[in-house]
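Undergrad: Residues per chain, in single letters:
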Amino acid sequence: MDALEKKKNSPNIAKLALVLFAVTAITALVLGLVNGVTKDRIAALAVEKTKTAYANVLKADSYAKIDDAYTNDGTITKLSAAKDASGTAVGYVAETTFSGAQGMVTMVVGLNADKACTGIYVTKSSETSGLGAKASETSPGAWRDNLVGATDGVALAKDGGTVEAISGATITSRACTKEVQTVITAVSSLG
Amino acid sequence: MTTKQQLREGLITNNPVLVQQIGMCATMAITTSLFNGIGMGLSVLIILTCCNVVISAIRKIIPNEIRLAIFVVVIAGFVTIVDLLLQAFVPALSESLGVFIPLIVVNCIIIGRAEAFCQHEPVGLSFKDGIFQGLGYTCVLIIMCLFREFFGKGAFGGGLINTVNGVIGTGNGVQIFPAKYGALILTLPVGGFMCLGALIAVMQYALRRSAEKKEAQEKAEREAADAAEVKEAAE
Amino acid sequence: MLTNILSISLGAILINNFIFSQFLGCCPFLGCSNKMDTAVGMGIAVVFVMGLASAICWVVNEYILMKLGLGFMQTLTYILVIAVLVQFVEMFLKKSVPSLYSALGIYLPLITTNCAVLGVVLLNTQNNYNFLESTVYGITGGMGFMLAICLFASVREKLEFADYPKCFEGFPICLVSAGLLSLAFMGFSGMKIF
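Protein chains in written order, with our numbering: chain A, 1 to 191; chain B, 1001 to 1235; chain C, 2001 to 2194.
Incorrect hints may have been included.
[Said to hold, decoys possible] Calculated cross-link-like contacts (lysine-lysine; reagent style DSBU-like; alpha-carbon spacing at most 30 Å):
#1 C:K2067 with A:K65
#2 C:K2095 with A:K15
#3 A:K15 with A:K78
In case anyone wonders, no lab produced these hints; they're calculated from the structure.
Hey, can you work out the whole structure from these sequences and the hints?
TA: Here's what the structure looks like:
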């Protein structure tokens, strides 16, 4: 009786595996199709997003990635030199990722040729809405304008510097200000 | 089961979040702006309906032992399709929902409906079931968004009204009263837990009241019928 | 390197707790926490599955999906890997720790649909963690889940003697209590000692 049951069950396992494989294969094929249709558009959107962020902090005609070594505490993911149409350097743009109050913050920092900050642009953050999220605001008069013109040694007023923190969002303000300082240090180390 | 019955079930008596009490993770996490709420609700509605239709269509040829694995594969397929389409055409929604779009795969509502309903019912009923349960889910999301945004920030329609440069998904909506008078705590995770708890309590109260009323009415009818019988027997 | 690992761990357990900050894993959190024993068992199983899933999915992603340019297949692949993994964990528990297996009952296969497991794997990919960071995040995320579910189980055991309005019976009062716990955990936000 047992042997008979076993015989009935073993071709079943092959059939089960076949059905599962077939369903997975059909799903994968359909996914491949949809991916083919959408992937170019997704890639183009990502490129445009970076371009918008860069142009927002420092307008230039081209941005060339810097491969030389520079002081990096681990938060700078990409440092680029901004050049105008004739090839002269107008400044630097850095992509950074650091931890804020509620998670990681991704921010673009721009420096001019004198290593003074030209602006910041938060591309991704999950900070508290109404408090830390104020650092992401880009309207004229937003908090980030406090960091324009900041030079080496920039810090919050609470930490001995001149930048006023967002009220109720000291952690986010401190993290952003520290990051600007990190980028200034990195560019200075390039020599 | 008529369409009207199914609609009533999906929205009220068998509401996925408030009555069946499944699919709560996303409900609490993303209801911080109306844009998120409507976007997530519509995504789940579309995925739920498509999955219901496909699973109902192949229900006769799925072997019983691996049915859960097949459900998961079909659901994952549709979720990835919707995810890719959102990334390409509504990137603002994809960014604000973040990891919760792929997490629709393990949303108990979809697997639950597939297991409880679509396995046994024909395609037409499953299609309507998907739409109505999705509608019920979307309504709960919208109610939570409206409540949390209004009392938390004093705003309405975040991401949909007053957008920056007409780009959907940006902007904070119409500011009805200054944000500093709002209870900011409602926009934090704490607020999510408490709002959902309060909503489910309200629903339980409403359902219990209507059940008690119905019982009282039936009792009154029975007593009237008994009284009429006694009267007839006496005559 | 070590400070990175430590800061990920601290983040996963306290600052960005999977349940109280990120809402991942609420269904078993609310469903399994009536008694402390079930909660502890569930917590241990989840730690195990999350750690293993993080490690295996990282390897699959790095050496198969990325090499072949199949990034879009991530969701499908990850959920299949998790389903198979939970199946194996179930078989292993049935043979070696049958008491835990019967205590967990139906909740063990439900770990497949646990948002926290799929969530941690997707977050690893999103944050571009390497192998060690992914595995640590998985294990410590599971530990955060276990901390949350055990704390909540002790709260629920007391809730049985509480006097709350009848319409709050069941999930609503649990959700409100969980909200208060979430408020308590908010005190950890912004903490940075590593």
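Undergrad: Could you run down the list of hints and mark each one as holding or not?
TA: Each hint tested on the structure:
Pair hint K2067 (chain C) plus K65 (chain A) holds up; C-alpha atoms about 25 Å apart against a cutoff of 30 Å. Our distance criterion of 30 Å between C-alpha atoms is met by K2095 (chain C) and K15 (chain A), whose separation comes to about 27 Å. Pair hint K15 (chain A) plus K78 (chain A) does not hold up; C-alpha atoms about 52 Å apart against a cutoff of 30 Å.
Of the numbered hints listed earlier, the single one contradicted by the structure is hint 3.
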